[in-house]
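Those protein sequence lines, which keep their order, are chains A and B.
Counting from 1, one number per residue, gives the positions in the first sequence under my numbering.
Counting from 1001, one number per residue, gives the positions in the second sequence under my numbering.
Possibly wrong hints are sitting among the right ones.
Below, computed lysine-lysine pairings styled on DSSO-like, alpha-carbon distance capped at 27 Å [unchecked claim]:
#1 K125(A) <-> K158(A)
#2 K1118(B) <-> K158(A)
#3 K179(A) <-> K462(A)
#4 K125(A) <-> K179(A)
#5 K332(A) <-> K1135(B)
#6 K1135(B) <-> K47(A)
#7 K462(A) <-> K1264(B)
#8 K1265(B) <-> K244(A)
Going by beta-carbon spacing under 7 Å, a handful of chain A positions derived as facing chain B [what the hints assert, rightly or not]:
#9 I11
#10 H17
#11 Q38
#12 T234
#13 A237
#14 D310
#15 S312
#16 Y443
By construction, these hints were calculated from the structure, which means they are not laboratory data.
Don't be surprised by glycine CBs; every beta carbon is placed ideally from N, CA and C.
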Amino acid sequence: MAVRKVVVDPITRIEGHLRMEVQAENGIIKDAWATAAQFRGLELVMKGRDPRDAWAFTQRICGVCTGTHAIVSCKAVEDALGIQIPPNAQLIRNLVEGIQQIHDHVVHFYHLHALDWVDVVSALKADPAEAARIAGTLSTWPTNSAGNFKDVQARIQKFVSSGQLGIFANGYWGHPAYKLPPEVNLIAVAHYLEALDWQREIVRLHAIFGGKNPHPNFLVGGMACAINIEGTATINAERLSTVKSLLDTAQAFVEKVYWPDLLAIASFYPETATYGGGTPNFLSYGDFPDTDPNDRSQYYFPSGVIYNKDLSHVEEFDQQYIREHVHSSWFKDTTNGDEGLHPWQGETEPQYDGPPEPWQELQGRDRYSWAKAPRYKGKAMEVGPLARSLIQYASGHKDTQEVVNEALGRLKAPATALFSTLGRTAARGVDARLIAERNQHWYRMLTQRIASGDTRVHDGSKWDPSTWPKRAEGVGLVEAPRGALGHWVQIEDGKITRYQCVVPTTWNASPRDAQGTRGAFEDSLVASGTHPLHDEKQPLELIRTIHSFDPCMACGVHVLDATGATVTEVKIQ
Amino acid sequence: MLSLSADPWTADQTLQQHLETRGVSRRQFLRFARDIGVLLGVTQMGLPKLAKALSVVKRPSVVWLQLQECTGCVESVLRTNEPTIGNLLLDVVSLDYNHTLMAASGHAAEEALQHAMKENTGEYLLVVSGSIPTKDNGIYTMIGGRSAETVIKEAAKGAAAIVALGACAHFGGVQAARPNPTEAKGVREIIRDRPILTIAGCPPIGDVLTASIVHWLTFKRLPESDSEGRPLFAYGKRIHDQCPRRAHFDAGQYVEQFDDEGAKKAWCLYKVGCKGPATSSPCPIFLWNDQTSWPIGSGHPCLGCTEAHFWDTMTPFYHRLPEAVVAGFPIEHRVDRIGATLAGAAVAGVGLHAVVTAVQMSRRRADGSTYLLDAPPEDRANGTASGGDDDYPHTH
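When you get a sec, could you build the whole thing from the sequences and use the hints?
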């Protein structure tokens, strides 16, 4: 059978604009190309701005992982200017970022990823009583009742009967790659709807500390939300008790709905643990210090690098080894043959040489994406929840080992099953469980500090630009929901002269480098040599694997650097 | 609010019939009409009309394009409360195309779009989030192999009306901030032959969209709007005129530095950069996230995100807003004297209102550059604004 070329564009249920092209033969994917199809140029916009404003601009890179770009931007500027934020501010940022991780993972699972595993139409055939019995074996959860499931089923039935299918129109219903029994489909559909309400509720925490969500407010030097326990419009006892209640609501859903659903659904898809692994190297920057971002020993998630799936050795991470390449990207290569540039030297000049619209196919072209190709010590890396789980597991992180072992035990799967489509999806649940619990720890620390009389949330000693050095540069690194996120900033005479972001999806969606090494999206479809594509008109398996990364293309597309000026000094952290 | 139920609103039912199948009495229905009427600013006289209109509406098709953007606007609509997003999706509208939520990908997704446009020609509501990059034939945002400009022009043809949702669709958004590397534009710069409602904000409060949809269903037209197309029911007043901290402004009680005593007393944020006096927005009334809070309510100055080109006109964000000079008296002077010299708070309030109302943001100049009003000369000379330097105006 001849090689067939398949284009899937747009990939939906992601953030942003992604195009995948593959070649398939006899129902197996042989090669793949990932195209980031949007470019915005935000880093050029940063040039000449007040560095204290940078968080607001870069926050708008992404409205899904909202807040993470703002926090990492504040960190970069604080690093450059030598600002030490008060412990309370770090704890509050942890809570904001923590609830964001949980929100992001659960919304991804139910609203972006679930329709790859759950056949909504099949749920109509379910026996609600049997669904309730099954759900009862998974967890105790009040709405897992026959009555509720019956209600949801009738609602979906009438919706389908109306002929107006809305977001469910043209889904791949009935595809043989759907394996769940009707009752499990019904449980998942009910929780899809319930998660819509839950996600609206828990982000109220962002409104309390940052005024709103999406895009809560942050502040270089700490946070703007003053604490005054006796105050009427400040962080007071009422606000803190609401925070506690929201943390509990978030954790309960993760432990009693998301995690049980994840394992239950996974148990029906063992074959997806045999393919979907690709890039064999994994990177995490580490994150979540309790109170001091400069003290790496406080990080709840340790940093590290794993090569060639070797869990017996975790190498120490050092940001100086990051380079970005443009061999296959629509940018001008200013180096001598794609040597790659560190972000502090990064240059990004768009140079589109693709076809005019409408695009027919991009595969086979030398350059085919708006994403750059970041590499660490010259190697492609996968970042994200799977990378974190692997690095933490291999580093002896007890909480991670406990949750990962629970999942592997329940699924009767070996650790090697993690290097797969299913492993990537499961690791997101591990993340959520760890952070849901850790949030409680940060909340206790915050309230104890306030009780002991410390209400500081902002350090204004270096707020005035007259206190800044003539030149400064800094880096901020966090583990965003989708993985390793870094911002690099250079400041001169109180203004930004260069701003660079290297973003999780840039790592994962990267096109080929000069050596022809594929990025993680591409390799996940190719490396196993067994990745199926049953029906090219209904590319469900392909979408499932790409969704397992939770792509965020607006983040991933490398934006312009602020200047072409040569940087003579590279700060080594 | 409408509760979740097993009875979706089918195409052959009026809203009232639909609600009756869900056990909602006529009296309750009229109460719903009254509540939504309050939200929309309908007078008592208009209520019977609203109730009648809601009795005959059907589920409309909504096509939602996401162009050059960050998905924050979709996320904001996911946070709506009344109706909730679940109600909206299953009961109120038929969301026939939306990248973030739709099951289909690739060819099947584009087919769904074509189908919805064909079946509902002249009737569907087109929601657009994101800007349209126009440089280099639009190759900076490609969807299904076609440019954002091609996609929106095709979708606009059969739309009954268009909602430009969020700052990017409003004026180009953050990527249109100087120097606007991809020449990103808002919807009104691209589409000129359709009614366009602008729901401003970065992102907007999601409830403004749902209320506007209800308005559209009810009255068969878009809500009344200002010169930028922003609905008056949401953007009819400036934040400063609705701010719960306004009394502190009038009394001369300011946050001088973040986390100071004024901050702990929730005083006015004007001096640390609040753009509330120059920003028309529903934030202080609607509030965010189930009425939990809003930016000023959580101690951060307003960024002015509902105003066109705020990324250029309102920055640096932490610099005090340069006030209009009215009859030779810059408001800076008033702010510094207030409380000390003005005896009557009521008089001060009226006077300040008149002065501040005169603050007018410039429109974008023909050459693409933008600027804010000149800072008062005294202010620039003595550097009283925080960081007081020559950042204003942004002329290039």
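A quick look at each hint next to the structure:
Simply put, K125(A) and K158(A) have alpha-carbon atoms about 14 Å apart, close enough for the 27 Å limit, and the pair holds. In summary, the hint linking K1118(B) to K158(A) is supported, as the alpha carbons are separated by about 24 Å, within the 27 Å threshold. At roughly 58 Å between alpha-carbon atoms, K179(A) and K462(A) are farther apart than 27 Å, so this suggested pair is violated. Under the criterion of a C-alpha separation no larger than 27 Å, the hint pairing K125(A) with K179(A) is consistent with the structure, at around 14 Å.
A threshold of 27 Å between alpha carbons decides the hint, and for K332(A) with K1135(B) the separation of about 17 Å falls inside it, so the pair holds. As the CA atoms of K1135(B) and K47(A) are separated by approximately 20 Å, the hinted pair is consistent with the 27 Å bound. The hinted pair formed by K462(A) and K1264(B) meets the criterion: a straight-line CA distance of about 20 Å does not exceed 27 Å. For the given pair, K1265(B) sits about 23 Å from K244(A) by alpha-carbon distance, which is consistent with the 27 Å threshold.
A least Cβ separation of about 5 Å between I11(A) and chain B falls short of the 7 Å threshold, and the interface hint therefore holds. The interface hint given for H17(A) holds, since its Cβ lies 6 Å from the closest Cβ of chain B, which is under the 7 Å cut-off. Proximity of Q38(A) to chain B holds as hinted, the smallest CB-CB distance being about 5 Å (cut-off 7 Å). For T234(A), the shortest C-beta to C-beta distance to chain B is roughly 6 Å, which falls under 7 Å, so the interface hint holds.
A distance limit of 7 Å between C-beta atoms decides the matter here; for A237(A) the minimum to chain B is near 14 Å, and the interface restraint is violated. Against a cut-off of 7 Å between C-beta atoms, the interface hint on D310(A) is violated, since the closest Cβ of chain B lies about 35 Å away. Residue-level restraint check for S312(A) is violated (minimum Cβ-Cβ distance to chain B is 39 Å; threshold 7 Å). Proximity of Y443(A) to chain B is violated relative to the hint, the smallest CB-CB distance being about 17 Å (cut-off 7 Å).
The structure fails to meet hints 3, 13, 14, 15, 16 from the earlier list, while all remaining hints are met.
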